[in-house]
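Using the hints, put the two chains back together into the complex; each one sits in its own frame.
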Amino acid sequence: GIQVEQSPPDLILQEGANSTLRCNFSDSVNNLQWFHQNPWGQLINLFYIPSGTKQNGRLSATTVATERYSLLYISSSQTTDSGVYFCAVEGVTGGGNKLTFGTGTQLKVEL
Amino acid sequence: KAGVTQTPRYLIKTRGQQVTLSCSPISGHRSVSWYQQTPGQGLQFLFEYFSETQRNKGNFPGRFSGRQFSNSRSEMNVSTLELGDSALYLCASSLGGGYQPQHFGDGTRLSIL
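Protein chains in written order, with my numbering: chain S, 1 to 111; chain F, 1 to 113.
No lab work stands behind these hints: they were computed from the structure.
Incorrect hints may appear among the rest.
With a cut-off of at most 35 Å between alpha-carbon atoms, the simulated DSBU-like pairs for lysine-lysine come out as follows [stated by the list, open to error]: (1) F/Lys57 - S/Lys54; (2) F/Lys13 - S/Lys108; (3) S/Lys54 - S/Lys108; (4) F/Lys13 - F/Lys57.
Next comes chain F alone, as it looks inside the complex (with noise of 0.2 Å):
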């Protein structure tokens, strides 16, 4: 069975522009988490997704917005790039039932120049 896929792995954009990030999760599950890591506040979750609908929020500005598909694929989107964006940001995905083992993607490192 296919592990979670997060696209790109690395990415570099600069102040102000916007970036897409995907997740695709393990076939079958339809729950799909985001988190930012970063050195200076280590995992923080931004949001979940389940069944195209946005389930739980943390504690981020407007600028982050993430959406879910039908076939539960899930995208990130940062508008207005801060050099504080830079982060390795992680996708987990897991059945969907609630209180559920969550199973980490590989992650996407954004820099910010």
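One chain only, chain S, in its complex shape (with noise of 0.2 Å):
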């Protein structure tokens, strides 16, 4: 199946520094989503980016079908921007709603 692969594994920033988190896929896409975990638990949808560049507010994505990567950019980090980003993505073969994740990108942003 689809292998997905997210770096770095772990990131500590400053409150109001900036960040690119990277995924990279092996295989083409048909369907990539960014979501942010918070502490709870809750898996928030952050952009719906198959391909092409999405922007709201401090955050925006990325994604360049063609050489298998989407990339997502946080600006002015905050507090509240602390948790797990995780990447999916769905294969051109999977016929469905089959999210594949990458493992994450633990991001904790320090005072």
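The structure is reproduced here in structure tokens:
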């Protein structure tokens, strides 16, 4: 099946700093989503971005489907950004709503 | 619009018992998928239901089963519980056309004693 790798696995930032999280996938995809899992376990949709670039406030994402990677940018980080960021994809042969998740990036934003 | 609702939020069971978890999708969504999250294995796909039929299945034993009702609500059942079934079980819904963004509920945290 499709493989998803995320980097870095852990990241510690000072409040106000910027960061870039990366997601590499091993095959062509029809679906790519970025999620934020907060300390309570809630998985929050950030972006649905199988290709192209999107922005939502301090967050933006870019997927280069032909090169099989996606980037999540966090600018002016805040302590509430702490948590785990997951990239999840569905390959072109999936046939349905079956996401394969990466292992995540654990982000901690400190004052 | 109400989000995906999962019940119960927390559950404690003992080995050998069975458990049923419930998921109500976003209104208008016809696809419901289930995922298991553990510290060791991460987030793994269990199965997906669309129009009351299982459309996709992950690599889990037959002890894990599910169903979907005509109103798109879904239940997941785990029989003969094992210690390793302790996990956060997450349900996601989508419109159902395939390759649609999925929206997750808050999960059911299952602990096996």
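Evaluated hints:
1. A C-alpha spacing of about 31 Å is found between F/Lys57 and S/Lys54, which places the hinted pair at or below 35 Å, so the restraint holds.
2. Distance hint between F/Lys13 and S/Lys108 is fulfilled; the C-alpha atoms sit about 33 Å from each other, no more than 35 Å.
3. For a cut-off of 35 Å, the pair hint linking S/Lys54 to S/Lys108 stands: about 24 Å separates their Cα positions.
4. With a C-alpha separation of about 25 Å, the suggested pair F/Lys13 and F/Lys57 falls inside the 35 Å cut-off, and the hint holds.
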